[in-house]
Amino acid sequence: MKERFRLSPQTALVLDAFLERPKSWRYGYDISRDTGLKSGTLYPILIRLADHELVETRWQTAESGKPPRHMYRLTPEGLRSARAQLRDYGHRKSSMLVLREAKI
Amino acid sequence: MSPIRDVARRVLHFVARLAPPRTRSWGEAMIGEMDHIDDEWDALRWALGGTLALCRCSLIEHLRNLRNLLAAELSAQRKAMHLIKSILSGVGVAGVVLIISMLILTTLQRTYWVEPSQARFAQMLFAVVVPDGLCLLAALALWRPQRRLTSGILAAGAALGAHSIIFFVA
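Residue numbers (our numbering), protein chains in the order written: chain A, 17 to 120; chain B, 16 to 185.
Think of the hints as simulated: they come from the structure by calculation, not from any bench.
For clarity, every value in this text was computed on a predicted model and none was experimentally measured.
There may be inaccurate statements among the hints.
[Claimed, not checked] Some chain B residues close to chain A (C-beta under 8 Å, calculated; not the full set): (1) Trp41; (2) Ala44; (3) Met45; (4) Gly47; (5) Glu48; (6) Asp50; (7) His51; (8) Ile52; (9) Arg60; (10) Ala68; (11) Cys72; (12) Val144; (13) Ala173.
Glycine residues also receive a C-beta, built at the ideal position from the N, C-alpha and C atoms.
All chains should be modelled from the sequences, with the hints used to inform the complete structure.
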């Protein structure tokens with residue numbers, strides 16, 4: 017397996033969106049709307065997740081006249097990793113909030 | 016298809032075509048997705064964002080490929096340098112053996128240990144038989160662990176042998 021990647025807030029959003037419906041395939045635009053991320057931010061994240069084999073992809077043939085759509089879903093490894101990373105991320109985030117509040 | 020969407024599609028398509036193969040498929044994914052966005056301006060924003068993402072990913076991939084290429088080139092150069100160094104070391108070892116042998120011969124001649132009548136035999140012994148024999152022994156001993164070094168020793172030994180044959184026959 018490839019090394020663990022850095023979890024940015026945007027990546028956390030994407031993983032969180034995948035975890036809402038972990039078994040179902042998602043479209044890029046669909047994830048973009050759910051997370052509020054623009055395509056310029058979303059696709060590099062998806063590429064990185066696919067490179068780390070955390071996300072699997074497939075093409076879905078669309079109705080006539082429209083090009084096929086690329087779909088994404090967490091792999092079993094991705095599912096495990098996403099849950100673990102988001103849990104860690106949650107802990108980190110809450111401790112940072114505590115620190116920030118303490119400073120204030 | 017509206018002109019806005021058409022322009023956006025063309026731009027994205029152009030950038031995707033220039034992208035490296037791995038990134039290109041992601042460009043096709045963005046184009047495919049754009050055609051399922053109903054709002055024209057949303058589609059344009061999608062295409063512009065996708066174009067930026069493709070440019071960034073392409074640049075990263077090109078740089079990664081370049082780095083891999085340089086690493087492979089450097090590794091090949093290092094291997095070649097190692098080969099040359101090993102062979103030259105072998106030649107050096109053979110040269111040192113020859114110099115020591117010739118010094119012994121010169122010493123023997125200067126101290127009259129060798130009769131003038133035996134000079135040619137002594138020359139043959141110390142200039143050919145001893146150094147070549149030592150080279151051969153070293154080659155046999157070092158063939159398995161130091162094959163490249165041995166190649167250098169054998170090459171030098173062969174050159175010495177050939178030179179000696181020409182010298183003594185001529």
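Q.
Quick check on the hint: Glu48 of chain B CB to chain A CB, less than 8 Å?
A. At 4 Å from the nearest chain A Cβ, Glu48 of chain B passes the 8 Å test, so the hint holds.
Q) Is the shortest C-beta separation between Ala44 of chain B and chain A less than 8 Å? A) holds (3 Å)
**Q.** Hint check, Ile52 of chain B versus chain A [nearest Cβ-Cβ separation less than 8 Å]
**A.** It holds, given that the least Cβ distance between Ile52 of chain B and chain A is near 6 Å, below 8 Å.
Q) Against chain A, with CB atoms and a cut of 8 Å, does the hint on Asp50 of chain B hold up? A) holds (5 Å)
Q) Taking the closest Cβ pair, is Gly47 of chain B under 8 Å from chain A? A) holds (4 Å)
(Q) Let's test the interface hint: is any C-beta of chain A closer than 8 Å to that of Arg60 of chain B? (A) This hint holds: Arg60 of chain B lies near chain A, its Cβ roughly 7 Å from the closest one there, short of 8 Å.
(Q) Tell me if the interface restraint on Cys72 of chain B is satisfied: Cβ within less than 8 Å of some Cβ in chain A. (A) holds (6 Å)
Q: Identify whether the interface hint at Trp41 of chain B stands, where standing means a beta carbon of chain A within less than 8 Å of its own.
A: holds (6 Å)
Q) For the hint on Val144 of chain B, does the least C-beta distance to chain A fall short of 8 Å? A) Given a least distance of 61 Å, the restraint on Val144 of chain B is violated.
Q: Tell me if Ala68 of chain B is really an interface residue toward chain A, meaning its C-beta lies closer than 8 Å to one of theirs.
A: Constraint on Ala68 of chain B satisfied, holds at 4 Å.
Q. Measuring from the C-beta of His51 of chain B to each C-beta in chain A, is the shortest one below 8 Å?
A. holds (6 Å)
(Q) Given Ala173 of chain B as an interface hint, is its Cβ closer than 8 Å to any Cβ of chain A? (A) violated (51 Å)
Against the hints set out earlier in the document, violations occur for numbers 12 and 13.
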